[in-house]
Amino acid sequence: MKTMPSSSSDNSRNTSGADNQARRDGSSFSRLFSVSLLAFFVLQVLVGTAVIVLFIGNEMSKMQVVNVKSELSGRSQRLISYLEDRLLILHDYSKLPVLVTGVMQPDDHLANTVEFIESLDFLNSEAQFTLQDFQGKLIYSNWPFRDSSPSDSFQKLMNSELEEVVTSVVVPEGALDCCYWKLSVSVTYQGLPEGVFSAYLPIRIGEIFPEVREDVRVALQAGGKVIALRGEVAEPTIALESDIGFPGIILQQAVSKQAINDRIEFLVLVMIASLALGTGLVLGVVRYIGKKILLVPHERLQAMRDELEKEVEKRTADLKMRTVQLSIEIRERREAEVEARETGQLVSALLEGIGAAFLIIDPENNKIIRSNAVVHKMFGLAPWQLSEQSCLDLFSGFPDSMTAFSCPETINVETYTEGIAKHVDGHTFPVSRYLVPMEIQGQAHIGVIVFDVTERKNLERRLNVAQKLESVGELASGIAHEINTPIQYVGDSVRFVQEATSDIVEILKVEAELIESCKDAGEFQELIQRIEALAEDADLEFVIDEIPNACTRALEGTERVASIVRAMKNFAHPGTGEMSAVDINQALDNTIMVSKNEWKYVADIVRDYDPVPTVMCLPGDINQVLLNVLINAAHAIGDVVKNSGEKGTITISTRANENELIISIADTGTGIPTEVRDKIFDPFFTTKEVGRGTGQGLAIVHDIVVERHGGSIDIESEVGKGTTFIVNLPLRNS
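Those letters in the sequence shown? Residues 1 to 734, per my numbering, in order.
These aren't lab readings, by the way, just hints derived from the structure by calculation. Heads up, the beta-carbon is just placed ideally off N, CA and C, and yes, glycines get one too. Check each hint, because a few of them may be wrong.
Each computed PhoX-like pair below joins lysine-lysine, with the alpha-carbon atoms no more than 25 Å apart [said to hold, decoys possible]:
| # | residue 1 | residue 2 |
| --- | --- | --- |
| 1 | Lys95 | Lys69 |
| 2 | Lys519 | Lys509 |
| 3 | Lys679 | Lys721 |
Derived CB-CB ranges, DEER-like [said to hold, decoys possible]:
| # | residue 1 | residue 2 | range |
| --- | --- | --- | --- |
| 4 | Asp121 | Pro97 | 12 to 22 Å |
| 5 | Glu455 | Glu232 | 25 to 35 Å |
| 6 | Val676 | Thr410 | 33 to 43 Å |
| 7 | Asp503 | Ile531 | 32 to 42 Å |
| 8 | Leu32 | Glu339 | 24 to 34 Å |
Given the sequences, and given the hints that come with them, work out the whole structure.
Right under this line is the structure:
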């Protein structure tokens, strides 16, 4: 009886001690948790600040320098393009016959040469020009200052060591502009330099670089001296230079170091403040959640730990035995999963990864037992239409050739073939088909692989057309060049005959007066009779009247041939393969001239041009677009007028707005039926009879305008009244 209170007291003390220990453990865990969060906050801020200051700050400084280099590179390219565009125009001018003849025969053609040079419009710039012969003698110059540029560049141009020279010229004080570009190109005849044509353009850096930030200074140096400057920045600066590829000319860009450092310091401070604030907020949330999730349950977990340890020990033995059994089952299941995964990957690779339509057909019942998603996209057939369906029934609505193409009954046919497939919406496209024998569950099946080869066919078509156009263009350009020289000889000879005839007529008039005087005097009667007999036999009066008319007609004919030759040379010019500025009105005139044989018997051309700006495009491709549309219009009118002798009308107009140039070609032909209007740009689609149309012309037009130039082409058509093709080309900075 006396021991009970003692036992109860001991138990009470043990319980109280356990509670106290639990409270101490909980308090210790709470302090440890708080100290850990604080230490993590300090460490995070210190490490983040060090990373921002040491690494990110340095990287931002480097990025600022890289940015300056990038801007300088862009401005260098802009300056190079600025000079190269003007050199290209100067080259074009130097190839004109009026300058070539002006250099080779300055005395005979000086007036024409001066008139031509004074009429030049050099990209709306105030330009002066000089023209020198092969000895350096000035033939023409409106440059008001003495030219101190190095003379060795002239010799290099004349020795064909250089095709073009760019230098800078500093003029005396008091002129409108202090410095000028001097652009010089050689004037050649049959590949040999015969003189030098130069242009002087004022150096205005604001015209080249209209937008320069306040913290940037751009300078242009030549010969180690600054010749143009834009912008002012505080010292010290970061200055970078770029050699633009023209000797002695350097582009420099400078940025204030202080402005860059201020910007970097501000960004670093903002990042550090954001890091501290974000880390503090995260740790506050973690502390609040930690109290709810960790500290309160920790006390309960301490009480449950002992009971769990006992239970764990009890079940550990049982789990060890079951673990051995489970490890065996897991290994077997893993091997099965690996096998199933490999099989699935193989099927997926066959059905989805080959990038083509894929069908597996059971040859016994001609049913489709499997297909991939490409089949649905390629033919427009839904999955429920393919599942366990007969292939012959599925394609029964298609042409017989399509059914045989898609549903082979045996593998013993041509393994690879090409053909034309049809979508359920009616449009057709070229495809290639492969047959693959396969075995499923011991039974032979047929795998049908179908590739959409539209893009490949388009590329082949483009290459074929491009090769033909290049060959025809080179041939036409060569023929035009060869015709141009002899037609000039013919024109010059006819002019000589015309002038000589006038002199001979005057002599004959005096001779007639002499004959009349001799008749009156009764002298030389026999000789006069012979002269009159010869004049009557030769019908001299008719000859004298008709020779001037014949010369005039011959000159009109030679001028007509010359204009055709010029149009053919411009149209057939192969270009550089790069975007260049094109006068669309001139391109239309050249196309009309070249294609005249196609439309002159069936239509009249009405030109409705606005003074539109030049457009950046591929000249050869745009010529092909205009030619194809114009010939289509002529054919459409020909189908209406046939051999009646009547003519239709082709109206060509050009307009421009802020964003695009609009070319409209309207005909009074047959018009396009509504049911085929959506198909006219499809490759190989044509409404013309066999042998007259290939179905490639308008497909090429659509590809050039939409894909290669980012434009658009629209159609307005009414059956029986005609069609209007509207080509929209984006206006780029030329």
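We went through each hint and held it up to the structure:
Under the criterion of a C-alpha separation no larger than 25 Å, the hint pairing lysine 95 with lysine 69 is inconsistent with the structure, at around 38 Å. With a CA separation close to 15 Å, the supplied pair lysine 519 and lysine 509 stays within the 25 Å bound. For the given pair, lysine 679 sits about 20 Å from lysine 721 by alpha-carbon distance, which is consistent with the 25 Å threshold. Under the hint 12 to 22 Å, the C-beta atoms of aspartate 121 and proline 97, about 19 Å apart, fit the expected range.
For the hinted restraint 25 to 35 Å between glutamate 455 and glutamate 232, the CB-CB distance of approximately 55 Å leaves it violated. In this structure the hint that valine 676 and threonine 410 lie 33 to 43 Å apart at CB holds, the actual value being about 38 Å. Roughly 19 Å separates the CB atoms of aspartate 503 and isoleucine 531, a value that falls outside the hinted 32 to 42 Å. Under the hint 24 to 34 Å, the C-beta atoms of leucine 32 and glutamate 339, about 51 Å apart, miss the expected range.
In this structure, the hints that do not hold are numbers 1, 5, 7, 8, in rising order.
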